[in-house]
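There are 2 protein chains.
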Amino acid sequence: MIKHPAFIVEPWSVRECHLHTDVLAQTESVFALSNGHIGLRGNLDEGEPFGLPGTYLNSFYELRPLPYAEAGYGYPESGQTVVNVTNGKLIRLLVDDEPFDVRYGTLHSHERVLDMRAGTLIRKACWSSPTGARVRVTSTRLVSFTHRAVAAIRYEVEPVDQPLNVVVQSELVANETVPPPTADPRAAAALEAPLVLEENVAARNNVCVMVHSTRASRLRVAAGMRHEIEGPDGTRVECDGGGNVSRVTIATRLAPGERLRLDKFFAYGWSAKRSRPAMHDQVVAALAAARLTGWDGLCAEQRAFLDDFWAGADVEVEGDAEVQQAVRFGLFHLLQAGARLERRPIAGKGLTGSGYDGHAFWDTESFVLPVMTYTYPRAAADALMWRESILPLAQARAEQLGLRGAAFPWRTINGEECSGYWPAGTAAFHVNADIAAAVTRYVDATEDTGFERDVGLPLLVATARLWCALGHHDADGRYRIDGVTGPDEYSAVADNNVFTNLMAQRNLRAAAETAVRHLDRAELLGVTLEEAAMWRDCAAAIFLPYDERLGVHEQSEGFTGHAVWDFANTTPEQYPLLLHFPYFDLYRKQVVKQADLVLAMHLCGEAFTPEQKARNFAYYEALTVRDSSLSACTQAVLAAEVGQLDLAYAYLGEAALMDLRDLEHNTRDGVHMASLAGAWIALVNGFGGMRAHDGRLCFAPRLPQGITRLTFRVRYRGRLARVDVAPDGTTYRLLHGSPLTVSHHGEELTIGAQPQARRNAPPPFPDLPVRQPPGREPTPRRPGDLSRGLVVPAEQPAEEV
Amino acid sequence: MIKHPAFIVEPWSVRECHLHTDVLAQTESVFALSNGHIGLRGNLDEGEPFGLPGTYLNSFYELRPLPYAEAGYGYPESGQTVVNVTNGKLIRLLVDDEPFDVRYGTLHSHERVLDMRAGTLIRKACWSSPTGARVRVTSTRLVSFTHRAVAAIRYEVEPVDQPLNVVVQSELVANETVPPPTADPRAAAALEAPLVLEENVAARNNVCVMVHSTRASRLRVAAGMRHEIEGPDGTRVECDGGGNVSRVTIATRLAPGERLRLDKFFAYGWSAKRSRPAMHDQVVAALAAARLTGWDGLCAEQRAFLDDFWAGADVEVEGDAEVQQAVRFGLFHLLQAGARLERRPIAGKGLTGSGYDGHAFWDTESFVLPVMTYTYPRAAADALMWRESILPLAQARAEQLGLRGAAFPWRTINGEECSGYWPAGTAAFHVNADIAAAVTRYVDATEDTGFERDVGLPLLVATARLWCALGHHDADGRYRIDGVTGPDEYSAVADNNVFTNLMAQRNLRAAAETAVRHLDRAELLGVTLEEAAMWRDCAAAIFLPYDERLGVHEQSEGFTGHAVWDFANTTPEQYPLLLHFPYFDLYRKQVVKQADLVLAMHLCGEAFTPEQKARNFAYYEALTVRDSSLSACTQAVLAAEVGQLDLAYAYLGEAALMDLRDLEHNTRDGVHMASLAGAWIALVNGFGGMRAHDGRLCFAPRLPQGITRLTFRVRYRGRLARVDVAPDGTTYRLLHGSPLTVSHHGEELTIGAQPQARRNAPPPFPDLPVRQPPGREPTPRRPGDLSRGLVVPAEQPAEEV
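Top line first, the protein sequences correspond to chains A and X. For the first sequence, the tail end lands on 1955 under this note's numbering, and the numbers increase by one without skipping. For the second sequence, the tail end lands on 1955 under this note's numbering, and the numbers increase by one without skipping.
For the record, the hints were derived by calculation from the structure and aren't laboratory data. All values derive from a computational prediction rather than experimental measurement. C-beta: ideal position from N, C-alpha, C; glycine also. One or more hints might be untrue.
[Said to hold, decoys possible] Ranges of calculated distance between the beta carbons of each label pair, as one might list FRET restraints:
1. 1882/A <-> 1702/X: 31 to 41 Å
2. 1872/A <-> 1702/X: 37 to 47 Å
3. 1931/A <-> 1629/X: 23 to 33 Å
[Claimed, not checked] Counterexamples of contact, computed for chain A against chain X with all Cβ distances above 10 Å:
4. 1163
5. 1172
6. 1224
7. 1772
[As the list claims (entries may be wrong)] Far from chain X, some chain A residues (derived; all Cβ distances over 12 Å):
8. 1202
9. 1218
10. 1230
11. 1290
12. 1372
13. 1734
14. 1736
One chain only, chain A, in its complex shape (with noise of 0.2 Å):
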């Protein structure tokens, strides 16, 4: 009974030695590839077996009607679900009239490799056909991040023992047959034949071009390919298509020691304005630079941008293998999935699958850009200013709703909110103050006054505004927020919760700051000096519900007196609670799905004091099931930060192998980017203990047994940092920049390009007793474990080689 870990532990790659067809959609998303504008699910070549056939375009979206039992005001009419394009990864071989397929003649070999400094998937396989005939193929794919519009795939074949009739096929294939949804919410939406053909054209140059349409959202996309091939002389190749398949065939006959190698480059656009000719050209124009710059060319620029960013943003962890490698990974992800956003959302699972219908949520602004603000910045300005770009649609939606200024989606592709469950999605007007604090984290690390002014103010003053028209002063001159739901998802529509309280409080304060920066700017936007000093007061008044005999903080206000959640009597089956439970019971019962207040203090940390962080962690420890991939790392954070070393380095493995792992078996609908982002937060704000704002850099190391050393790197105000942490000390140097004041433990000490080390502080509290519910313990980290990766159920017999 042996589990198979699906992927090799190495420190720059991840790596599948064999093909698990049982868990093929999982290693799908894991072997995505994506610049943050084209992602292609890491679906083999030849299209078939597949799990979920995935191509997709940043913002390219289909409606579909949203349906309720019981209609009520301001529910969204129609919902965005991403669309699977055109596939162009497509390359079908022949051999001896047989086709390849993994399923039939027997399979040798069979290897996958991502390679995080390469930027490629590169996959070996020896096959044999039914009949005996043997080949040596060879793929290797890129989405070009210098190349916004482009992807391309090398690909090899060889016979090995006998000559061969080959045949290979390179195609695009519009409306691709998907498998019918799954019941699990949390998947997506099901779209029959999304696209309508408006072109299919082979012109010269064995350039093909197909350009579709959708029915409802009305927005083209052209997709086109070219090929260099390489093969010994007699090789014929063909175009043709028809309908939504354009086809390259290409025939030759290889003797052993021949080879046939085919470059084909493919491209994409999309637009709502543009026309069909211009949406024609603009994809063949892609692929005459990318013609251009050739195979080796793109390889080569591949290299160099990760090059540059790993300089940048790598981790280093010494003592634990997986987790090197998976925070790697998922900076990698998280670098596809932003590297070419141009104003366009990072979904919560990238463009790797279609999870939640492709949805952006609050998960970029709180976990996706607080990792890439001092890694990869250029991604978090890009993500907000398509904040900025749908302000409009969310300044409609809040009037709609009888507020002033914005109201953001809780979930969207393209501005307009798609939530069907108004208390988990409108309610949780959370989301106007995260983007707040994303603006407010990214000017603080980049000083960037253009973007402060431009794209800073207005999101600053439409969210205070939103505060300004749902609070209101009580008799007590206490500023509260009735009604709301905050990021626990198993509470709703509460008063008072102290994670929205606390964040709409910096949005207050931080509109009024920037306001007067930028004088000029906020009266363009009918800011007066009444209304800055209305939202200063406003945040100075608000109220935080303190649970005095407990001495903890209410999550929301009641909170604390409700009943706890029978842990006792619930199974391990019975989780995620809302797939068991009614929201009904979970809503006015003691339990939380994710770290609510627990997260506020990670981000407003200096809100509460030493002693209340320890006791408020333990409280809501006891309660915090982790139902949702968005809770490990905050709680590895504060674990780390009361002292909790062990468990936090627990949930570090728990964030960092989300989707290796697949632990919340969803992974087959798109990786997690939140939580690919959890393993980065969790080694650098939890073992680290960085913390930024207000020009203050700050850094509390400390790690758990097992990590021997944490190196990581941090950009901030022009300087680029190196923090090396070891059991007993931690080193800065500045990597780039001009010397800079951080603190230590509370030290302050001003860094530059000579190291300077210091000893760790130790663990400052008393170690108070810290319970998960029962059943619901992070598993504890063992670094050196035998299990690794994704595991293949046992049961399933090993794939025959």
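Position chain X against the provided structure of chain A, taking the given hints into account.
Just chain X now, with coordinates in the frame of chain A:
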């Protein structure tokens, strides 16, 4: 710009003197006939024009999927919708080859009269065809109170001034086309052709029978008709049909002074179990019985049944003819809804329309049964026996929700939950306590110990267990019920709703007391003395939130800390608020849709001091917008109790005239049973000050300016009491039964067959200033107003006559 009142005010009838086709749907509801088993809307005999064609059988429904934009655990997957069954009331007329249709030719006169003593709807029309052929048509329609399965129509045609060829077609038609549904969530889902034909035969004796079944709910309905025809010699009768139509055609030639008379008997039966032949035979037998009784016999039985009802239920109001008519109209419709229930529910609209999909709600137990209990108690018993019959479904629902005991559905036909929005459905658990209160009330009023043991005890035990599952003790030992929704639908999912907690308290106590009275039966239900003790303990510790600063009870915990709704900036067109503002905003503010705490003060009055009642009433009065028809009568009761007699009178008017004036603009979908009950409640509980519990019948009579005398009858513990309230004093008399001790303004007196007079006490409370939200003041009641009845919009041209 004269506004046309649709109805003439008469003490015992509702008379429409002209046909107003623009309010046809409303008059169809007002003129609906029913016996609680069969319901016929007041559609014109000839079927067209119509507002909404409707023929209903109690509990005959079809299933439809309930869609959700975002699914959740425990959401009902299918809803039930009342079916418009085979229409048996169709009688078409051709006069010299021209169809009688009021939209063509000339309608010289048209009158419809609902006779509340005869139990009939009489229609008289005089019409000339486009070619000038003039006829007089008279039809009298009844749904028999004594023959549960039978309805009948006497239809007469006479030429006025010249001999005419007359053809009458009497039909059964299934799957009539119904108009598309409106966007109003309170209307019904439209079912297209819900009936599948199983049989359509014309047997001997001109008996036609059609049997249909529904696709999903698998219910079978049989409809049959037979005729007695009286016409001149040469009158020919044919019977034909096919598909979903069955037709008897009568052709004759009438000279002036001659008449064609048709007595149409039609009968219905439905079953989930019985076979097609059994159902066929069942309606044939019902028709045979009806024919044996004959038209005159049916009419005589109908009148005798009503004479008996009115003798025990009539309310006489002097000084306000409109209210006099309205209270009788209300009682008449209540009787129609409940007379022949036989363990079926009373729906929110009875069987008068498809509003609310034909569902039954808590309205029945909280508004309708409190009237029936003291006027026609058999209907209350029947409705509660229906609840007992669906107890297994309610227990299964509780189990599904992770609770114990029974969780009765918020809205249903067959006993399964149909609510597609849980915060205003599932979370409104008070429905369970409302059922328990109805049991307690019925048993108190009737001393029906058999019912108490066999029906009441299982209901009380199952609901008490629910409250034990829903509540918990807090650190102060208070028993809390968190996260539930009270009657006010502008708040939801709140902690410790006072109404719910008080009703739960009474539910728990009643269960304990009843269990002790029937220990043997209780044991069979698994009740131990320990469990009963726990019920008492929970009841004793129940928490009632009270705002010390304001000196008022909080509707729910924290309610008075919320922002007050911005009434000043809410325009008249923005009511009802739920159609113009999101639930999000309504829930988080102090705004009350309908009496909630005020209803608690009515139903659990002994939990409040007189001073609390006055203060609470004033506080909530300023927040209550009455966007529900379930509010005015309760406000009338409390206004009367706190001495605001003019205000009580205004609310009486609103409750009483809800349907006769279409005050909420949805009488088209059926009349409002609870509001119709509200006229009685406002008069008897309000101005009569009647309360009853624990064998004590109390009165505190007091009349407003305008009502010069109020006389009502109350059935209580085998007695029939007559209470005659004059401005200065009240006279009590038993019409039936042994002497009874009652209370008059706190003074005990024993009443018997001899009248006993007492002076009325003056209003006992200091007048607190009471105001309503601006623009939401009730219309002051000025008896003798010219406007009366359903008002036809003045912009419509008067109907040509």
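Right, here's what the structure says about each hint:
no., hint, in the structure
1, 1882/A <-> 1702/X: 31 to 41 Å, "58 Å, violated"
2, 1872/A <-> 1702/X: 37 to 47 Å, "58 Å, violated"
3, 1931/A <-> 1629/X: 23 to 33 Å, "27 Å, holds"
4, 1163, "37 Å, holds"
5, 1172, "37 Å, holds"
6, 1224, "4 Å, violated"
7, 1772, "18 Å, holds"
8, 1202, "31 Å, holds"
9, 1218, "10 Å, violated"
10, 1230, "8 Å, violated"
11, 1290, "47 Å, holds"
12, 1372, "22 Å, holds"
13, 1734, "6 Å, violated"
14, 1736, "4 Å, violated"
Checked against the numbered hints above, the structure violates hints 1, 2, 6, 9, 10, 13, 14; every other hint is satisfied.
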